[in-house]
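Peer 1: The chain contents come next:
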Amino acid sequence: MKKMIGLDKLPALWEQLSAEGPLYLPIEERGVVCFKPWYEGAVVRLDALNGVVPPKDIFLPREETYMRYQGGSQTLEIEAVSPGPDDKATLFGVHPCDLKAVEMLDRVYIDQEPGDSLYRRRRENATVVALACSSPDPFCFCNLFEVDPADAPGADIMAYLSEQSLYLETRTEKGETMLAKAESLISDAKDEPERPREVKTTDFGLYLEGLSDNLKERFDDPAWDNLYKSCLSCGVCTYVCPTCYCFDVEDFGHEGAGERFRCWDSCMFGHFTQMAGGHNPRPDRKERVRQRFLHKLQYYPQTYGEIACVGCGRCLRSCPVNLDIVQAVKALGGEAVEQR
Amino acid sequence: MNKDNPLLPQVATVLDITSETPDIKTLRVAGKDGLPFEFMPGQCAMLSIPPIGEAIFSITSSPTCRECLEFSIKEVGTVSSALHDLPPGAHIGIRGPYGNGFPVDDMKGKDLLFIGGGIGLAPLRSLIGYCFSNRDQFGHIDIVYGARSPADLIRKSEIKETWPAEPDTSVYLTVDAENPDWKENVGFVPAYVSELGFKPENKIAITCGPPIMIKFVLQALDKLGFKPEQVITTLEMRMKCGVGKCGRCNLGPVYVCKDGPVFSLAQLNELPAEY
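The listed protein sequences derive, respectively, from chains A and B. So for the first sequence, my numbering puts the first residue at 28; every next one is plus one. So for the second sequence, my numbering puts the first residue at 145; every next one is plus one.
No wet-lab data here; the hints were simulated from the structure. Please note that a few of the clues may not be correct.
[Stated by the list, open to error] Here are the simulated BS3-like pairs of lysine-lysine, each with C-alpha atoms no more than 30 Å apart in a straight line:
hint, chain 1, residue 1, chain 2, residue 2
1, A, K29, A, K243
2, A, K243, B, K402
3, B, K300, B, K252
4, B, K359, A, K313
5, B, K300, A, K115
6, A, K357, A, K227
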């Protein structure tokens with residue numbers, strides 16, 4: 028059943044949904060749009076393009092304490108910390124590219140044994156409202172990865188924004204339950220929403236067929252010797268990438284009490300693989316840049332059958348030296364040469 | 145492994161700590177009821193001392209030892225140093241087991257050639273102990289073990305007395321340089337392996353040691369006629385999770401923590417040599 032809600036009623040909807048659990052929306056603060064928990068007076072920007080940082084942190088937080096300890100060397104006690112089973116979040120307004128990226132993380136954190144219970148619980152408890160994307164910017168190239176900017180198959184509710192209304196199409200039971208709670212604000216849609224069908228994103232002239240297989244033979248390709256040189260090892264590509272998921276584990280506290288947490292980490296950093304004795308299997312930027320791009324273009328596809336990129340364009344927008352995935356694919360033989 | 149959160153350790157007790165060499169100590173570690181978990185030779189465990197941190201170590205004892213796990217640990221970083229300094233009875237965090245372990249079923253009925261260097265004997269010892277406990281399942285056992293100096297050899301009483309006395313077992317010891325107290329072979333491990341001239345027929349070679357030693361051992365075995373499928377090694381990488389997610393220890397699409405650390409040379413030849 029298709030439903031609709033007037034844009035003027037959205038603040039009331041936010042208020043109602045946030046009473047059930049954390050409600051994440053694209054919120055603008057100081058000119059930057061990111062998914063954040065809604066608060067009264069928040070500037071919600073459903074019309075904005077993708078936020079600077081993808082919403083992966085809702086399921087894989089930047090930092091997350093999973094253990095507390097107390098006691099000294101002969102009285103150590105360890106206690107698990109995990110998100111409560113009632114922590115039911117709503118992610119509202121995620122674009123199809125970012126939702127597809129979350130599904131890529133699901134394979135690593137849920138499907139691949141042993142699953143990650145912290146991630147899984149958050150993901151299973153969350154209700155996802157995807158929002159059709161009607162005006163991609165010149166950096167967007169999700170079409171290449173078969174993302175339909177107007178449709179996200181994995182959503183609980185698919186939403187379409189028009190001038191006066193937000194159309195809501197429920198896809199799952201979770202989606203129905205969510206809308207049932209806001210019944211008073213929502214009405215049946217009398218007309219079909221104007222779907223932004225056939226949204227075209229930028230064609231960078233890339234050709235991906237066979238790329239993952241070809242890369243198996245290109246680990247020692249001379250292309251790597253040039254590609255990495257401009258890299259500053261700043262790591263921004265990994266922080267803004269919706270399919271990057273590496274983490275670090277650290278302790279914080281003193282001998283008597285403290286906690287163990289994990290936090291985002293980056294394969295672009297020199298210490299990432301540095302061993303205690305000093306040996307580093309990926310000692311320089313060349314090996315690290317190669318690792319990152321091969322993980323996206325060869326290793327992940329070899330394991331899960333799909334390139335780990337959704338064409339969201341964030342690395343193109345953020346990399347200070349334009350060492351983005353489009354440049355990498357071009358350098359590695361993924362440029363369309365023949366006229367097709 | 146904790147079913148709900150594989151990153152969550154349990155509390156274990158360090159029963160005692162023995163000095164092996166100037167920079168290697170062996171810790172005997174027990175959970176509340178003996179072994180903290182069941183495992184197979186070649187698997188690893190994460191040991192931690194909060195708030196100093198966590199690091200991965202191969203299990204040195206055989207699973208047939210039921211009282212405790214043993215870890216022979218070289219002092220190289222913050223966690224290993226802190227483990228060295230623990231008093232007997234100290235509590236630590238432990239989680240595991242991680243990794244695939246040695247392919248013991250494929251080794252049954254075969255002659256085994258163990259080649260270890262320095263602390264590299266630690267993971268091999270788990271399998272060696274397992275073979276001695278199931279002696280009739282394996283053929284002849286050769287053990288070549290070397291270190292820089294006699295003082296740097298670990299498990300001295302085992303390598304000199306216990307193991308050579310086991311049935312159908314030969315132990316060959318070597319050190320890098322001449323030493324007045326040393327009566328056995330002098331020379332690097334790979335050269336000694338070549339000199340001993342092991343025959344590859346119905347044999348599996350299992351090697352672990354410093355990367356430079358492994359490199360030349362592989363060349364020596366190749367010259368002796370061992371096929372890549374007959375050569376097995378175990379790798380060491382920096383790890384944080386142990387379950388193939390944190391992103392540090394991959395060789396191409398393979399994660400050393402869960403798909404390794406044990407690989408045949410045939411498998412390694414198919415992977416990027418990023419170790």
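Peer 1: Each hint needs a verdict: does it hold in this structure or not?
Peer 2: Now the hints, each set against the structure:
A distance of roughly 47 Å separates the Cα atoms of K29 (chain A) and K243 (chain A); the hinted pair therefore is violated under the 30 Å criterion. Between K243 (chain A) and K402 (chain B) the CA atoms are separated by roughly 21 Å; this keeps the pair inside 30 Å, and the hint holds. Between K300 (chain B) and K252 (chain B) the alpha-carbon distance is near 27 Å, which keeps this suggested pair within the 30 Å criterion. Taking the CA atoms of K359 (chain B) and K313 (chain A), the gap is near 23 Å; set against the 30 Å cutoff, the hint holds.
For the suggested pair K300 (chain B) and K115 (chain A), the alpha carbons sit about 58 Å apart, so the restraint of at most 30 Å is broken. Taken as a hint, the K357 (chain A) and K227 (chain A) pair is honoured in the structure, with Cα atoms around 21 Å apart against an allowance of 30 Å.
In summary, the structure is inconsistent with hints 1 and 5 from the numbered list given earlier, while agreeing with the others.
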